[in-house]
Amino acid sequence: MIAFLQQNAFWIITIVKIALLLFIVLTVNAYLTWFERKVVAHIQSRWGPHRVGPHGLLQPAADGLKFLFKEDPTPLGVDKFVYYLAPFLALALSLTALAVIPFGPDPIVLFGQKIYLWITNPDIGLLILFAITALSVYGVALAGWASNSKYSLLGGLRSSAQMISYELALTMSVVGVLLMANTFSLTEIIEKQSHGVGGVGFLGWNIFAWGKDGLLFPQIFGFICFFTSAIAETNRAPFDLPEAESELVAGFHTEYASFKFAMFFIAEYTAMITVSCLATILFFGGWVSIFPDSWTITHYIPSITLIPFGLWVIYDGLKYETIFGKLVLPAVGFAMFAIGAVLLAGAWIAPLHQVNEFIQPVFWFTAKVFVFLFFYVWARGTLPRLRYDQLMNVGWKLLLPVSIANVIVTAGVILWRGHV
Amino acid sequence: MSPVLIIFFVLAGLAVLGALNLVLQKHPIHSALSLIVVMVCLAGLYLLMGAEFVAAVQIIVYGGAIMVLFIFVIMLLNAGEEEHTDFSKIAKFAGLPLALALTASLAALVVKPGQNVHGATQAVIPKATEQISTMLFKDFVYPFELTSFLILVAIMGALVLAQREKK
Chain A
1 MIAFLQQNAF WIITIVKIAL LLFIVLTVNA YLTWFERKVV AHIQSRWGPH
51 RVGPHGLLQP AADGLKFLFK EDPTPLGVDK FVYYLAPFLA LALSLTALAV
101 IPFGPDPIVL FGQKIYLWIT NPDIGLLILF AITALSVYGV ALAGWASNSK
151 YSLLGGLRSS AQMISYELAL TMSVVGVLLM ANTFSLTEII EKQSHGVGGV
201 GFLGWNIFAW GKDGLLFPQI FGFICFFTSA IAETNRAPFD LPEAESELVA
251 GFHTEYASFK FAMFFIAEYT AMITVSCLAT ILFFGGWVSI FPDSWTITHY
301 IPSITLIPFG LWVIYDGLKY ETIFGKLVLP AVGFAMFAIG AVLLAGAWIA
351 PLHQVNEFIQ PVFWFTAKVF VFLFFYVWAR GTLPRLRYDQ LMNVGWKLLL
401 PVSIANVIVT AGVILWRGHV
Chain B
1 MSPVLIIFFV LAGLAVLGAL NLVLQKHPIH SALSLIVVMV CLAGLYLLMG
51 AEFVAAVQII VYGGAIMVLF IFVIMLLNAG EEEHTDFSKI AKFAGLPLAL
101 ALTASLAALV VKPGQNVHGA TQAVIPKATE QISTMLFKDF VYPFELTSFL
151 ILVAIMGALV LAQREKK
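Line by line, the protein sequences give chains A and B. So the first sequence is numbered by the working numbering: it starts at 1 and just counts up by one. So the second sequence is numbered by the working numbering: it starts at 1 and just counts up by one.
Keep in mind the hints are simulated off the structure, nothing from the lab. Treat each hint with caution, since some may be false.
[Said to hold, decoys possible] From the structure, some residues in chain B lie toward chain A, with a derived Cβ separation under 8 angstroms:
no., residue
1, Ile29
2, Tyr46
3, Val54
4, Ala56
5, Gly64
6, Val68
7, Phe70
8, Leu77
9, Glu81
10, Thr103
11, Leu106
12, Ala107
13, Ala108
The C-beta atom is built at its ideal place from N, Cα and C for all residues, glycine as well.
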């Protein structure tokens, strides 16, 4: 048995990692819907979900159950095969993209096996991500076509035109980063950003591009182009014309109900997570900390933030009148407090110290990804939807020229500084 | 059979099936979908030969850009099911024998003993992307740039034709 496990360690580890990542991402997805509803509600001076569980925290579970048990009618006259294929395609592609995202640099060593925090780390990670993005148009476009409904068809048409247009700007905007990193590998791109000038972590990020070899061209324009076109690629507000509910009912997924609709939903949110990870990796140094590495005290930031947050959750839970709120929230809060306290004790205890060092990069990575996810929601809550001709103008006449100019200037600066 | 060979046969079989389906399907969207299957399978075959870059570009350019345009146009024109016509005369008298002859000669080459057709070596080439870019932008930079100029001319031509119809 043990011999078998050792021989096939690679396969077993990979499969377990995939299962774990899927579980985490789907949970995060569910709570992202909660987070979005809450944030948008507060932007609009409402409460958002607050009936199901404390702070509406069980709302995602209720929604999931609802999706599972709803009736799932198939409209008349649909192209059956394509109609069923489209949600699978959308979901499978957006989940596949996560396989190449690295979440942290250090492996966990378990039973003598090094377990890295990525499923695979190919040399052409970025290209694979773009290949998957290129294919993910089909989920939306085919759903629109197969539904045999004019609203869906218009949504599908809009989304394919939009994705073709913005894919160009999306790809061109990262070329500046690639020129500076000289590689397609996502881990190497992060590695190249980890040497800020004078040891100041964040100056080395591509958005500032002030590494130990001197200042290159900061990728601010590249980042703006990238994130704008990425929002368009993921069909999110203010670029959500494919599902513009005031014009097209629900756009490409008008005719989908029950879990097939949920699959589009999950695909969209997973794509949001992927894009946020990518923005973090390409422009914001991935898991590189904001602070210089020599400031060892900053290594306790994750643990220290956990302690007051845990205490607050306990306090908040005790205010609840329901048994569930009184029981679960304090338990969760106590767990957070305990983990934070134990990790803080790592300052004096060696093995805990290692754990603390290990969660460092993962903490910074998730923190940055969270900022971008918040930005997504923020944009949805504030910006009005673009008109279709405005959308095309922004893509072709603004983002594309700016990103091409960015490439030329970046290449010029690299040549001038002699960093070829 | 080694795992690589199994993967090869699965991908190659899927590619052939997709190509056949492309011809046999009646609806243009189904045909386009089969073509995407062929493209992705080809990318898989490239990946199997260690040509990661070519595989990714195959999916991005053919699977993504070109086929999306195809599907977009089919959707925009709302093309319906097509009727299969009989064989055209040229296809009957020239095409079929020629296709048979090509298949036969290829099969003969593969089967012929002593003169094995070797596949490309399945080795992961380090820095393959860098080699390709050196070749494109250093060794063959003039032909490469000329090609892009040709494509530009083709785009202009298409634009001119489209604009003329509008008048």
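To see whether the hints hold, each was checked on the structure:
For the restraint placing Ile29(B) at the interface with chain A, the shortest Cβ-Cβ distance is roughly 6 angstroms, inside the 8 angstroms limit, so the hint holds. A cut of 8 angstroms between beta carbons decides the hint on Tyr46(B): the least distance to chain A is about 12 angstroms, and the hint is violated. Checking Val54(B) against chain A by beta carbon gives a least distance of about 10 angstroms; that is not within 8 angstroms, so the hint is violated. This hint holds: Ala56(B) has a C-beta 4 angstroms from the nearest C-beta of chain A, less than the 8 angstroms allowed.
Residue-level restraint check for Gly64(B) holds (minimum Cβ-Cβ distance to chain A is 2 angstroms; threshold 8 angstroms). The criterion of a C-beta within 8 angstroms of any C-beta in chain A is met by Val68(B), whose closest approach is roughly 5 angstroms, and the hint holds. Taking 8 angstroms as the C-beta contact cut-off toward chain A, the hint placing Phe70(B) at the interface is violated, the least distance being around 10 angstroms. For the restraint placing Leu77(B) at the interface with chain A, the shortest Cβ-Cβ distance is roughly 11 angstroms, beyond the 8 angstroms limit, so the hint is violated.
A least Cβ separation of about 10 angstroms between Glu81(B) and chain A goes past the 8 angstroms threshold, and the interface hint is therefore violated. Interface restraint check: Thr103(B) against chain A, minimum CB-CB distance 30 angstroms, threshold 8 angstroms, status violated. Below 8 angstroms, beta-carbon pairs count as interface contacts, and Leu106(B) has none with chain A, the closest being about 30 angstroms; its hint is therefore violated. For the restraint placing Ala107(B) at the interface with chain A, the shortest Cβ-Cβ distance is roughly 33 angstroms, beyond the 8 angstroms limit, so the hint is violated.
A hinted interface residue such as Ala108(B) counts as satisfied when its beta carbon comes closer than 8 angstroms to some beta carbon of chain A; here the least separation is about 37 angstroms, so the hint is violated.
When the structure is compared with the earlier hints, violations turn up for hints 2, 3, 7, 8, 9, 10, 11, 12, 13 and for no others.
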